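Each chain, letter by letter, is given below.
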Amino acid sequence: MRLTELFERGEFVVTAEVGPPKGINIDHLIDEVNTYLKDRVTAVNVTDNQSSVMRLGSLATCKAFKDEGIPPIFQVTCRDRNRIALQSDILSAAMLGIDNLLLLTGDHTTLGDHPQSKPVFDLDSVSLIHAVKQLESGVDLAGNELVGEPPKFAKGAVVSPCSDSVDVQLAKMEAKVKAGADYFQTQAVYEPEKFIEFMEKAKQFGVPVMLGVVIPKSVGMVKFMNANVAGIHVPDHLIEELKKDKEKTKAGITGVEITARIIKECKDYCDGLHIMALGWESKVPDILTLAGL
Amino acid sequence: MLITQLKSKDAIASLAQGKTFVINCHGCKEVYFPEYQADELQKELAAEKDITEIMTRDYICNPDHLQLQLEKYMDKVKDADTVLVCSCGVGVQTVAKYLEEKRVFSGCDTYPLPGFQGVTPQELDCAQCGECYLNYTGGVCPITACSKSLVNGQCGGSKNGKCEVDKDMECGWERIYRKLEKLNKLDTLKHPTKVRDYKKPFDFSTKDGE
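Chains as they are written, first to last, in full-length UniProt numbering: chain A, 1 to 293; chain B, 1 to 210.
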């Protein structure tokens, strides 16, 4: 089931992101997804060597999820493959019945665990979306015809609504829409008022937007994100609130409450929710329940 | 070494909007410049368009030298709607940087040739990629000013205007956006999706005088 069909029906789509392990055993990951996510989310989004750290492949993990009856979203970044490999992997996904994509430029190689590697970026997120649209029309990026029925995907893209230069991000969002993006998921939002303001401006593009949330696990984690992660800003009052978590040894409950509150404040302004639990998949059911989803 | 090749007549004509001030750089010995063709094309252009001045100099990539050369033309430059530069990518970027408020366009594409490189300013660079994007980006090169050489806009990695790769480096797309904003030319960003062409062989048949 493509996400686009659900958006068209007016459903509030909920997805969660998971990262494949650095190794070949995914039994633990599948157990976690089955236990905490399967019945609560529409699809599970599988990262592609997230943060430029080499891991098990997104496509193989998506296939394993699919075999378990868990609908996957295949994340594809431009960092590690040229246009030939990207198109080939995307066709492979279609052949395996994986028809939800999230198309990204990807972090630079120097940020990950193989900083010596050559960054590719033959395509970028916009030209990758364009390439997938070409494949859907029955030709590849070079204009050569595909044999047989062309694939059909829900083509996802990302945007940072709380970026310090949101106007530059909106310009890129428009380029993605023009290239053929079907839906968007956002970078983590901690400032609902900024998100709502962003949604006012993004409305003009007429594509569904899913609110992105990252569970704030600890004061240390949010301070790190504030210093290092682009497009994320955790305001001081939330940091103060999180400090109490430790004092009362609520062990993460404050982060769950904050996340649920952000979702509640934003959900009427968007078309879906994307939860980036970063290892805290076990908290997802509580967050959804608290948020009334 | 590098080779500059004139863009097509149609492409150049579409760039020369309004009063147009033309700068040719027949600069360093390391750059091959199509002097004869540029001269012919600019004559044709002058017949159809409002070309207010054609200035031919060398080493416009040296900011001090450029300033000196432009001094006596500044009235015409200020009056111009467009500044069309026929030089390698470094020259265009230097002019665009100096004439912050002007629409500065490149009349050439720049290709690499193996061998000795000319003396170029350290803060500007031309990757000689053979498909000059400077006309879409306010004269800030997206290939060299962006760590990922993105041609369709900013990635999600910019924080406080700085690049995710190097926190001391300004985000190239932030610079491009602000420059276009200043020029009131943000519409330039609404061009169709760009797919980089890495196979752009230089067409030697169009060499000067042949």
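Because the hints were derived from the structure by calculation, they are not lab data.
The structure presented is a predicted model; accordingly, all values stated were derived computationally and were not measured.
Errors might be hidden in some of the hints.
[As the list claims (entries may be wrong)] Where chain B lies over chain A, by a calculated footprint (3+ residues, C-beta under 8 angstroms): (1) 158-170; (2) 188-195.
[Said to hold, decoys possible] Keeping only pairs whose Cα atoms sit at most 30 angstroms apart, straight-line, the calculated DSSO-like set for lysine-lysine is: (3) B/185 - A/194; (4) B/185 - B/9; (5) B/49 - A/194; (6) B/49 - B/179; (7) A/203 - B/49.
[Unchecked claim] Counterexamples of contact, computed for chain B against chain A with all Cβ distances above 10 angstroms: (8) 50; (9) 51; (10) 53; (11) 57; (12) 69; (13) 97; (14) 164; (15) 184.
Using N, Cα and C, we set each Cβ at its ideal position, and we do this for glycine too.
What hint numbers does the structure not satisfy?
Those not satisfied are hints 2, 5, 7, 14.
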